[in-house]
Amino acid sequence: MESASILTWIVFLPTIGAVLCLFAPKEIVKWVAAIASAAALVLSMVLFSTFMGGGDGGDGAEKVFGQAYGKIHHVLRTDWIVGDNFTIEYFVGIDGLSFPLFILTTVVSFFACVASFNMTKAWTVKKGERAYYVLFLLLETGMLGVFVALDFFLFYIFWEVMLLPMYFLIGVWGGSRKEYAAIKFFLFTLAGSVLMLVALLGMYFYSADAIHAAIDQGGTEVVRQVVDGETVTGIASGYREGGPLLTGGTFDLLEFATNPVIQKHFGSTAQTFIWEWLPFAPTMFMLLFIGFAIKLPCVPFHTWLPDAHVEAPTPISMILAGVLLKMGGYGFLRLCYPIFPTAAEFWAFLLALIGVVSIIYGALCAMAQTDFKKLVAYSSISHMGFVLLGIAVMTRTGFQGAMFQMIAHGISSPMCFYLVGVVYDRAHHREINRFGGLWLTMPKYGSMATLGFFASLGLPGLCGFIGEVYVLLGTFEARDTYAWAGPFAIIAAFGVILTAGYILWLIQRVYLGKAKPEYADFPEATPRELFVLAPFAILAIVLGVLPKQTLFNFMNGTLDLMLEHLGQVQAMIGG
Amino acid sequence: MSSYEIYLAVGVFVPLITFAFLAFFGHRLGKPLSGWAAVGGAFISLVLATITLIGWWGEVQSGTTAEMTANAARFHWADLGSIPATVGVKLDSLTVIMYFMVAFVSFWIFVFSIGYMSGHSDEIDGQCEYHRFFCFMSLFLFSMLGLVVASSLLFLFIFWELVGLCSYFLIGFYFDKKFASDAGIKAFVTNRVGDFGFLIGLMMVFFFLGTLDLDQAAVTFEKAAHLAGAAPVHDYSAFATQWLADNPELVGVVNEHAVTAAGLFTSPFTIFGAGLATIMGIGLFCGAIGKSAQFPLHVWLPDAMAGPTPVSALIHAATMVAAGVYLVARIFRLLTPEAQMFVAIIGCITLTITALIAIVQTDIKKVLAYSTLSQLGYMIFGLGVGAWIAALFHLMTHAFFKAMLFLGSGQVIEGCHHEQDIRNMGGLRKKMPFTCWTFFVGVLAIAGAGIPAVHFGLGGYFSKDEILAVAYERAYNWSGEGKRQEARGKREEATGNSTEMPAARAMLVSAAEHGHNHAAGGEHGHGHAAGHDGGHGDSPKLGIAAMVPKLPKWLFWLPIIIAYVTPFYMMRLWWLTFMGKPRNEEVYRHAHEIKLMYIPLVVLSVGTVFCSYLVFRPMLADAAPMAADAAVIVSIDGEAHHHSAQALSLTHEAGKDPHTALIGIVGFAYIVGMGLAWLIYRNGFEVSTKIRSLPVIRYVHTALEKKLYFDHLYEGFLVPAIQYVIAGICNLFDTYVIDLIANLSAKVTERFAAFSGRVLDARGIDGVVNGIADSAIDLGNAVRRPQTGLIRNYVLLAAGGAVVVVMGVLLVVW
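Protein sequence lines correspond, in order, to chains A and B.
The first sequence finishes on residue 599 if you use this note's numbering, and the numbering steps up by one all the way, no holes.
The second sequence finishes on residue 1284 if you use this note's numbering, and the numbering steps up by one all the way, no holes.
It is worth saying that the hints were derived from the structure and are not from the lab.
Any given hint could be a false lead.
The calculated lysine to any residue pairs, modelled on SDA-like cross-linking and capped at a C-alpha distance of 20 angstroms, are [claimed, not checked]:
#  : chain 1 : residue 1 : chain 2 : residue 2
1  : B       : 901       : B       : 1055
2  : B       : 1217      : A       : 215
3  : B       : 1217      : A       : 456
4  : B       : 648       : A       : 544
5  : B       : 501       : A       : 456
6  : B       : 647       : A       : 221
7  : A       : 538       : B       : 648
8  : B       : 648       : B       : 888
9  : A       : 288       : A       : 591
10 : B       : 647       : A       : 471
11 : B       : 648       : A       : 288
12 : B       : 648       : A       : 471
13 : B       : 1051      : B       : 1155
14 : B       : 648       : A       : 187
15 : A       : 540       : B       : 649
16 : A       : 468       : A       : 507
17 : A       : 538       : A       : 591
18 : B       : 647       : A       : 543
19 : B       : 900       : B       : 921
20 : B       : 901       : B       : 883
21 : B       : 648       : A       : 543
22 : B       : 1020      : B       : 883
23 : A       : 468       : B       : 490
24 : B       : 648       : A       : 215
25 : B       : 1020      : B       : 648
26 : A       : 468       : A       : 544
27 : A       : 572       : B       : 553
Since we're looking at a predicted model, the values are computed, not measured.
The shape of chain B in the complex, shown without the other chains:
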């Protein structure tokens, strides 16, 4: 157990202690001490995260990270049937960076909250709820950090749910308001819908891969892919037995579960053409759809803005919604090409529709919410197309600038006395210059502003464009066959000779090469058995990876178009808020900037500009090969392999600078988009009102304003259908059918008993029914006349009987 694991683990539990402390003593600490206590806890976590990050940076430089990852400790938590469920710190670059990012952003948001909540916490019926806010914020930090370090899917799921719980409490923080608690419920239940899929995925992983540990699961999955390629069979357990009988020397060498797991690929069961392996991946991904608010479960995020603004910044911009993306990154190795395609399509749909909706929103926080959705869509899309590094890089940069944007909006809302509608703002730059310009940095960052030739830009310039560059590669330059050869070459280079590969495994692999690949299909499905290197060392080009198809063109072009829309709506937001003339004198006159709340803004904007590219990008590249085994990672530079020559890199490299590759297509999108927004909105809503009344646009505008009717569908139809109609029918059925049968049969028995008592018994015929029913009726009568004396008799009787029993027993015992 390395010291990094200890740092990270301690850092996870410190906020939990803060939480417990505030839960019991928070109300005594009061305002603002309880806030500072929470900040203290977050600060310890941040310090530990920083120490780890610095230390880990050294490890990355010296190339010892893989070893440390492999040697991370695991603790035995419980047994799931016969399978041990372990827990430990998943120690790799991704964890370290995510951890740092979460701790860093959270710390500054905590600091911001002290200022913000001092004005906002007394709103619930005059009661001081200040400490409750920091209590749940601490619990959230604990859950989120726990999620990041979790080494097994089970624990990931546990923290995942805890994170959901915290968001439920924080969104519904002003719970005396109906809309706030409604939003909390919506968030939780929508997330549960996603978790339903997650659970299915979890069950499949548990059953087929025989473990819930992330690393082990991935390894088994990969082996299964080999085996499945060897011989497509339907009865996999028979196949497993046969296969092990044919290869006696491999018994014990090959993970037995890999053989069961082969069933994932060989089972004939499909849903819409997706095999079990794909379904498993999609199931797990469903969790991310819920948590990262992807289409069609994106509806909860905009409503979640009912929570206090720091909550929006912390949960709905920087950390929690990123958990879904993080999950996909973690399960990346379990995704088949079809599943990846599914991920990409979901991401693409989300980023498109939400960006369009963002154009017409007028609530400052709602615009940011939709832009968050759209950016999350980019990340998910990026993962789907194999841009693993770029997507996570985008996650990091986005966390910084979006947290800053949200805090900026909080400053605006606070400064304008709870005004959130941008139609009532304008010209605020004079009243709050600091906020105005930090906000503008955020706008530039999300727009992807930068200067291509000199390699300078803000967050989105590097990360989003890299995703797009990868998509371009996949859509235009991708040919599975060609890349296979290339990857094979690289592999041989990397491994040097076959000593890296145990003989057994090599045999497995070459068997896989011979086989018809049943699972993945596609034109590159047939492997070649090239027998150099002693007959069994040929390129273990995994069936799966070779199968990754070209990307449909629309999956490249839609994100490109939206890359023009993003700067447009962000510029619109900024301009309408801060520039131009004040549209509402009342609001303008009272507007002011709160000094206490700047510091976090400044820090985060500095982070936005510098920190991420220098540190995060190379470290992610270090983590990437760990994620790439069965799956394909496409990257635009060679960094990905620099530290990991020994890894089985199927990674494809374009070897190009994204900004030179796409300079003509997207390099100046930010100028176009922002310019257009300036043209339309420089005089407030004048021009846009005219545009809006154009014939076709009018309908589109209404549809977008109504958020494309998703809420209407869910809240107007689906939820009531279950909540009232189906549940109501069940209840009626219970009351009037099942219960009626019970009551009727009781009645019948009673009548029959009365009959038998009067008629049959009178003739001297005894029946069992008679006795039972009579006694029941007698008892009933007894109860109906609850005379104390009668009851006392019964009690005495019962007690007396019991005493006799006891006496008897005691006599026997002694």
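One chain only, chain A, in its complex shape:
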């Protein structure tokens, strides 16, 4: 019943679309692109059948996700690049962690694609519509791939695949300072990638050491298996019963996390990285963390974001805020935490501190902006601070909140950016102080805008609230473990006042007040614009009202198992 190739189809459908775009007649290029991303969207909906009813209490979680962390669905794994002593697998699969983000990606991509339709009209220079959609679709493949890749190398490749199209999309179709913004985006992300690459190599070779040492010692973990008449000596897989034995290093992300041999090797406090004084696990964790923190982004690695957003065309901003930022959070949850749980404890204070600073600092910066888009960009930084904080405290509530916040932000921020884009298309500027009275000029658009910004503000009943309140409760809950958790929760809660301040002030300056004559002839939002806005509006409400049915049921199982796993590993290494 579970199709192994469905994920691959979804991931590469946009690529197929990109190829078709290359050869399609010029007039229908955008339709080809839209159909390709729509196909990915429709096909991704099929995945719901796997996850329906999961996560509802212990039984449901186990039914859908298995008994321990590492149970995944729609697995497709096969050797891809085989060297003398290493194997890179094409290994994709989906679980409660990646599933919501995967769906989010197909949704946001499709609507961003539709949002691109008027680009050729709006552009001052008509250039490369075809190239735009090709890159756009390649970007979608990259994003989808990141969320399903379970081999670290494959993950890394998708991560990089995403980078290049994004660079061009900002750099070619962007605003006046597009070159600067594009290079900045590129270099920041590349810096993160390099750190990740170091971690990748480190993890591969150290896991190889661990396996070899275990085999040499011939302890109880060593298993012999007869494969094709040959006896193979190796270590049993940590999460696949009866799976092939490990005989050397691996790139398998789940293996890193679940194999006791590797975990003991990684987690040992005596283990060092390159130099004697550099403890292994905390270093690896930090390398990965910075890589993902740049993407999230959190203070002080965030300055590429406002520039990139300001210069990027509207649909690309939607993708950037809606999906790309989530990869940071996803990276924490997929790589950093399950693989280096001890290091997670080690760094908890620093991470939570960065999270809290991002929340407050981002909100304050947002308050000072006069550029509409920059304000929304800084608010993203503030909101993503909640993600980091929720993860850092490692409580059940915190994890749930962080995940929810990612999805909620993935809905509210593309909506906000599109709202900015709609008015930019008409006014050709983004100076907040020059606007005013737009609600009177464009009533439908104004109502949508109010809803979008209130979702971003964290108004109860809309999606932003759930994530924030969960993170706050989860953080406070952690005061059992960490003395600083209580004060941090309180400081983060202070953010709600600042957020209300800058959002309301924004709404007042842009939408309220007397209708200005220079904007009087602005047409009301077109059906196409409403078509893009409405789904986000509906999702914002539905997620806010029924968080359990729409989201928690799908992901709680995995998050629970992961937390359980974290505890087990900590106990194993500690004991």
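Given the coordinates of chain A, assemble chain B onto it according to the supplied hints.
Using the frame of chain A, we list chain B on its own:
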């Protein structure tokens, strides 16, 4: 799930449907149909509320309410970590009454609005915004009713915020005017400041009590108080383990969270001497400070008068501001004596300063706004001193008469063509007699007019005086020890024997009696272990309740003084508006009364006179014992216990009529205050102008006119400090420090790359940096010369690479 819950729940959602309907189709319905649609929705809610009220009245008579409260259904909404968040209808007398009150007052205000808004809604740039008004009014009604029925603190908070949202939209209804949208923002942000405290309280409840359900939280809190009394410890989790090890038979019997919750009392952490338990209560109360506009967050309410007058009546007099009081009533069991004292002090400060400010205001709506603040202060103060029944009773009576007063002012403003300044009015009784005399009923009600001996009076006469009587009890007749004995006696009477109390619990309790009560301190901190009733059934006098101290005398006398000020400023307002000679001929000549708008006035004034005392007071008394467990409720009659002999009533009864108790002090305050106002203002402003120019009074007057400079402090200093200075500094820091570092390092790398490219590479040494930087520069150049051909190459390249990958994968798959 009883039928009452269904009625109430349906009644909550009907206005939501109205809202959605008006949001989509309101502009097609136009004027006045969209208004009538909203009225229809409100009417259904009102009918359901009435059915429930009548049915519930029967339940109260037959004493089955406690059972129904206990059996109310809860639905599983989501999980907060491992803790289920449930939602349901909090079914008790307080809910039923509040619900009815909100539905009733709202319905009549909706009716009034149809008339009022037909003249007011076209003001926004000539666009018809009529339906938008009723749209948000419906949403408000939904939120408010939801708030009233919410069974958990989380949902209370959710509706709480929604109510805030509606008030933001309605205050800023004329959003083309800057002051209106400013007022909306001020209201929302000020409320958020309070919500910040609320959130902290919520986090503490969640963590320590392990639930957000109101009832469960209260029960756990109470148990925690027992445990904490048993042994003051600092490391509570170790204590919990130890304690359960010592009492193995209680494992599973005692709520585990009660043990964690004991940390609230035993933690050594304090702020200004307040322990965690107190901080938690104060945190939750902060929400009420914001919403009920208490000092120091009272500043938004007077500004909120920028909204249309029916909004002022609905939100800022009758319902929304009452939400804060309602919250305090709901969390009453979570308040320690210190927290209660804090509540009382905040209430007392508010009621005092706002009443003084009300004396000098000249805008008819502003006077009413400040009088609302002052009355809210009375309610909060009442809750703080333990007058739970009286405070909520005052909430009900106030909702009626203040809504009526506001609608009356709306009639005046409408009739005088948007004139709001009472200096330009006077003599209007001839032009609008109906409004004049209903308004006067309201003035009498708020002044607390009544005839002591024959037990007749208007709203405030019963409710406010009862609060004051309780304060008197607490200030003069209160002795914790004595009342303890009394309460113990009553308890034994009530419970009869110890079967009411499970053995485990009784043991817990007697352990608590032995302990030194760490948390509450105070002179009555040491319990007695009197071992009758089989060794463990002695009075479970809760540590907390016994600790409730005497009230400082000033907390009694300030409200008394203000009880004289209230009739003064209300009489001043009424007289200057309706009586005397017209001061502005222009206004007077055009003044008229709009007939469509009377009916609500009349209905509400009838409600003011009769309804509340007959029904509400006894029902509140029915709800009271539910609220009293850890906390002390002081009441002036025996009604409170009539229906609840089984409840652990720590309630103290004075057993006196408030009007006989305080007849000498406050019984005729309304005559004195109103008389004084008449003396000063009977000829307009002549006398008062003279008084105002007296040496000291002059400064006081200016200070009051400037609202004691709170707005100056907030809007002139605090808000700009954050909005411009701190935010600006952050922005500069971001641009010139963090970003500079990023740019600099990029520059350095670029230079280094150039250097390595020219020098190092030329010598045949390759570096990683080199590669990266070079490629970056190349790409940069590529972009700088955006020749289509080049881009196409890149795209082709990228696409080609992707195709190869796909092919490879597909080959492998099949």
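Checked hints:
{"no.": "1", "hint": "B/901 <-> B/1055", "result": "13 angstroms, holds"}
{"no.": "2", "hint": "B/1217 <-> A/215", "result": "14 angstroms, holds"}
{"no.": "3", "hint": "B/1217 <-> A/456", "result": "32 angstroms, violated"}
{"no.": "4", "hint": "B/648 <-> A/544", "result": "19 angstroms, holds"}
{"no.": "5", "hint": "B/501 <-> A/456", "result": "34 angstroms, violated"}
{"no.": "6", "hint": "B/647 <-> A/221", "result": "57 angstroms, violated"}
{"no.": "7", "hint": "A/538 <-> B/648", "result": "8 angstroms, holds"}
{"no.": "8", "hint": "B/648 <-> B/888", "result": "18 angstroms, holds"}
{"no.": "9", "hint": "A/288 <-> A/591", "result": "14 angstroms, holds"}
{"no.": "10", "hint": "B/647 <-> A/471", "result": "18 angstroms, holds"}
{"no.": "11", "hint": "B/648 <-> A/288", "result": "64 angstroms, violated"}
{"no.": "12", "hint": "B/648 <-> A/471", "result": "19 angstroms, holds"}
{"no.": "13", "hint": "B/1051 <-> B/1155", "result": "11 angstroms, holds"}
{"no.": "14", "hint": "B/648 <-> A/187", "result": "45 angstroms, violated"}
{"no.": "15", "hint": "A/540 <-> B/649", "result": "17 angstroms, holds"}
{"no.": "16", "hint": "A/468 <-> A/507", "result": "48 angstroms, violated"}
{"no.": "17", "hint": "A/538 <-> A/591", "result": "58 angstroms, violated"}
{"no.": "18", "hint": "B/647 <-> A/543", "result": "18 angstroms, holds"}
{"no.": "19", "hint": "B/900 <-> B/921", "result": "29 angstroms, violated"}
{"no.": "20", "hint": "B/901 <-> B/883", "result": "13 angstroms, holds"}
{"no.": "21", "hint": "B/648 <-> A/543", "result": "18 angstroms, holds"}
{"no.": "22", "hint": "B/1020 <-> B/883", "result": "46 angstroms, violated"}
{"no.": "23", "hint": "A/468 <-> B/490", "result": "14 angstroms, holds"}
{"no.": "24", "hint": "B/648 <-> A/215", "result": "47 angstroms, violated"}
{"no.": "25", "hint": "B/1020 <-> B/648", "result": "49 angstroms, violated"}
{"no.": "26", "hint": "A/468 <-> A/544", "result": "15 angstroms, holds"}
{"no.": "27", "hint": "A/572 <-> B/553", "result": "13 angstroms, holds"}
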